Amino acid sequence: MTLVRMQPNSTSTSTGPQTVNDVMEVAGPQVCDDMTVEVALAVMAGARTGHLLVCDEHGLCTGLVTRAQLIAVRDSAAYSDRIRLRAVPGDRGFFTSPLTTTAEAERAMRHRRLDVLPVIDEQGSALGVLALAR
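Start counting the sequence shown at 1; every next residue gets the next number (full-length UniProt numbering).
Hints are computed from structural coordinates only; laboratory data are not their basis. Just so it is clear, the structure is predicted and the values come from calculations on it, not from any experiment. Don't take every hint at face value.
Listed next, with one range per pair, are the computed distances between beta-carbon atoms [what the hints assert, rightly or not]: (1) D56 <-> D81: 20 to 26 Å; (2) V39 <-> S125: 19 to 25 Å; (3) S76 <-> S97: 32 to 38 Å.
Every residue, glycine too, gets a C-beta built ideally from N, C-alpha and C.
Assemble the whole structure, with the sequences as input and the hints as a guide.
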């Protein structure tokens, strides 16, 4: 797996290590954590994406959910149409900074077996996502 380049290189002439900011995708759909699983799946289908960034009531990124996670919840015996995204089990709270080098981010993603990683600013707002190519 390697990082996917979704944005062109910046016009900077720096020869230092490439950062997450250089290769991240735009944030894409962001939803509130009180959204139900069914509505979230519909949003994903409409946006033609495999993940959603989840935010709290203050607009701060709390994590990311994937279509696979939501389908697993929906298909479980304990499923109810009242289950909210905040109740979906997953790898919440793992983020990266736009200043992290791509090598560091890729190592962390491989270690945690993540395909997509939210990129947040110092205040916790989502800036984009970092994706690994398969």
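Going through the hints against the structure:
About 22 Å separates the C-beta atoms of D56 and D81, a value consistent with the hinted range of 20 to 26 Å. Our hint of 19 to 25 Å for V39 and S125 holds, since their Cβ atoms are close to 22 Å apart. The supplied range of 32 to 38 Å is met by S76 and S97, whose beta-carbon atoms lie about 34 Å from each other.
Comparing the model with each earlier hint shows no violations; every hint is respected.
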